[in-house]
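Colleague: Residues per chain, in single letters:
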Amino acid sequence: MSVLAFIESNNGSFKKSDLEVASYAAALAAATNTEAIALVFNSDDCSPLGTYGISKALKVSTEQFNASSYAATIEVATTQEAATVLICSSSSNSKYIAPLVAASLKAAYVPNVIALPESGTYPRNVFSNKGIAHTKVNSELSIIGIAPNTYGVHENPTQINQIDFNLVSSSSKTQSTSTETASDKISIADADIVVSAGRGLKGPENWGMIEELAQVLGAATACSKPVSDMGWRPHSEHVGQTGKPVSCNLYFAIGISGAIQHLAGVSASKTKVVINTDPEAPFFKAADYGIVGDAFEVVPQLIEKLKAFKSENS
Amino acid sequence: MKILVCISNVPDTTSKINFKDNNTQFDTTAVQFVINPNDEFGLTRAMWFKEKSGASIDVISVGDASVEASLRKALAIGADAAIRIDTIPKDGFSVATEIAAVIKDKNYDLIIAGRESIDYNGGMVPGILAHLLGYEFINKCTALEVEGSTVKAEREIEGGKEVLSSSLPLVIGGQKGLVEEKDLKIPNMRGIMTARSKPLEVITPQGTAELSTDVTFDKPETKSDITMIPADQLDLLINHLHNDAKVI
Ligand SMILES: Cc1cc2nc3c(=O)[nH]c(=O)nc-3n(C[C@H](O)[C@H](O)[C@H](O)COP(=O)(O)OP(=O)(O)OC[C@H]3O[C@@H](n4cnc5c(N)ncnc54)[C@H](O)[C@@H]3O)c2cc1C
Chain A
1 MSVLAFIESN
11 NGSFKKSDLE
21 VASYAAALAA
31 ATNTEAIALV
41 FNSDDCSPLG
51 TYGISKALKV
61 STEQFNASSY
71 AATIEVATTQ
81 EAATVLICSS
91 SSNSKYIAPL
101 VAASLKAAYV
111 PNVIALPESG
121 TYPRNVFSNK
131 GIAHTKVNSE
141 LSIIGIAPNT
151 YGVHENPTQI
161 NQIDFNLVSS
171 SSKTQSTSTE
181 TASDKISIAD
191 ADIVVSAGRG
201 LKGPENWGMI
211 EELAQVLGAA
221 TACSKPVSDM
231 GWRPHSEHVG
241 QTGKPVSCNL
251 YFAIGISGAI
261 QHLAGVSASK
271 TKVVINTDPE
281 APFFKAADYG
291 IVGDAFEVVP
301 QLIEKLKAFK
311 SENS
Chain B
1 MKILVCISNV
11 PDTTSKINFK
21 DNNTQFDTTA
31 VQFVINPNDE
41 FGLTRAMWFK
51 EKSGASIDVI
61 SVGDASVEAS
71 LRKALAIGAD
81 AAIRIDTIPK
91 DGFSVATEIA
101 AVIKDKNYDL
111 IIAGRESIDY
121 NGGMVPGILA
131 HLLGYEFINK
141 CTALEVEGST
151 VKAEREIEGG
161 KEVLSSSLPL
171 VIGGQKGLVE
181 EKDLKIPNMR
191 GIMTARSKPL
201 EVITPQGTAE
211 LSTDVTFDKP
221 ETKSDITMIP
231 ADQLDLLINH
241 LHNDAKVI
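These protein sequence lines are chains A and B, in that order. Heads up: the first sequence at position 308 corresponds to 308 in our numbering, and the numbers run straight through without jumps. Heads up: the second sequence at position 174 corresponds to 174 in our numbering, and the numbers run straight through without jumps.
In isolation and in its complexed conformation, chain A is listed as follows (with noise of 0.2 Å):
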């Protein structure tokens, strides 16, 4: 028996997601007195891996994602390793190859877990992060998916083996052509604090200070629905319930009033600070810092704020 991570690391290094599927299915193993497997996509040195509780790390290396031929690799690492449990990420390549797992090996697939089980039970994020639900598997396999920043990231260094493992091929049709992804910009699922602006800001000439604001503080830049509808802002930076869902460490809303399908996608982070004319604006029910003030006199102050704060303390 063993508990089986998927990780895909990001050309050979890890991101935050991975380590935290590697701390969750490590301490899910020591919990069930199994084994934390990793099977890992395109990385050499699965050292790092080790520090997160991995004993062993199965290595796989391929040209470039397919989804059906990723999963039949983990559908032969599951039975290889007999693994009971397959923990992974929330990222889209997570999102697209675990269903096809699931249906192929007769699994339970669990999305958005937030926690360790308790009594039997997984609880998971649900109606948007309005509800949670403690949902217990029939099968035996589950197929667990982590909600990003929820379990977090814990060290538990471990001697771990790295093995080669070979990828399965598939004979699906569909293949990627290319990948077109912004490389000086840090994407809103990988953020770990996000400045998102919303119809306030009155017009698209205006983002120049959330751009230099988001710089100050390594940010991702993120906007609300009517501004990506408007196309003040491209739609990849829309967030909320029919957008990009948000669950960074630190969110800023400047200029959002707080709408009830734009707090469902982002009121999974965990500080959030909003910055709005309006007292009434709903947004401020929802947030742990409000600033009532104008963005376009308070922005350009906190970038300077910020900017004397970093060069103290770094």
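Please keep in mind that the hints were generated in silico from the structure rather than gathered at the bench. Treat the numbers as computed from the prediction; the structure is a model and nothing was measured. Each residue gets a CB set at the ideal place from its N, CA and C atoms; glycine is no exception. Worth double-checking, as some hints may not be accurate.
PhoX-like cross-link-like pairs, simulated, lysine-lysine; straight-line CA separation at most 25 Å [unchecked claim]:
1) Lys-285/A to Lys-246/B
2) Lys-106/A to Lys-90/B
3) Lys-198/B to Lys-104/B
4) Lys-285/A to Lys-16/B
5) Lys-173/A to Lys-161/B
6) Lys-310/A to Lys-104/B
7) Lys-270/A to Lys-246/B
8) Lys-185/A to Lys-161/B
9) Lys-185/B to Lys-198/B
Example chain B residues on the side facing chain A (calculated, C-beta under 8 Å, incomplete) [what the hints assert, rightly or not]:
10) Pro-37
11) Gly-122
12) Gly-134
13) Ile-138
14) Gly-160
Start from chain A and add chain B with the ligand according to the hints.
Modeller: What follows is chain B with the ligand alone, placed relative to chain A:
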């Protein structure tokens, strides 16, 4: 091209979420149900194919009679026929298995589902369905073009997008991007009238056991009180973020 759009009937995005019967059931009192937003983007893309190349569109939903309002709305928007599988959805696995059983001989070329339902957020119906039918699969699909049986599509990845080639038959998990908000259609009077006479077939489920069960529910902890910072004392904010929240 024969298209099937999977419709999930979900609480309107403004709904207050509460649970009843000792927190074992979602409380639907005063909740308005709508077509799942991700499915509505997919339906609208299907309508685009219909208008462009004369595709036929069926819609399907697993649920009791209460989901018929959403199916009728889909017919009013322009779908040709509707199917309801008469059972309360349990988990995503059983929903996908029931749908697969009903449509396996219907030879749909393209099946459009949403990347997830905004109620239980399972996100697994399209992928499981694709596997059960042996169809190609693209998840989080944000653009879709079909020429003959050749497919060009895009999907969302962290920090950008991936361009893919594929072929029919295909299942997608769709989302915004397939069409934009402004493209969404509100049914007109004629659509609503004709929808009444379009076929809506009710099918008895085969009875699939669920692989997972939501035993109880609760609600996330409500926020502790907000700390207000005067707009002219931003140092205070930085201090809090650094020393208390420890996030900068
Ligand atoms: C089905 C459905 C799904 C939806 N999904 C989403 C979603 O995923 N994400 C999302 O964001 N929305 C979503 N919405 C839209 C949502 O209901 C709101 O309309 C939207 O979030 C409002 O965006 P906003 O806060 O930018 O704009 P507004 O509500 O117009 O708020 C602007 C705010 O800026 C403040 N302001 C104005 N000037 C200034 C200034 N100079 N300085 C500081 N503050 C200022 C105002 O006081 C106001 O609070 C959805 C709606 C529906 C119906």
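Colleague: So, against the hints stated earlier in the document, which numbers end up violated here?
Modeller: 6, 12
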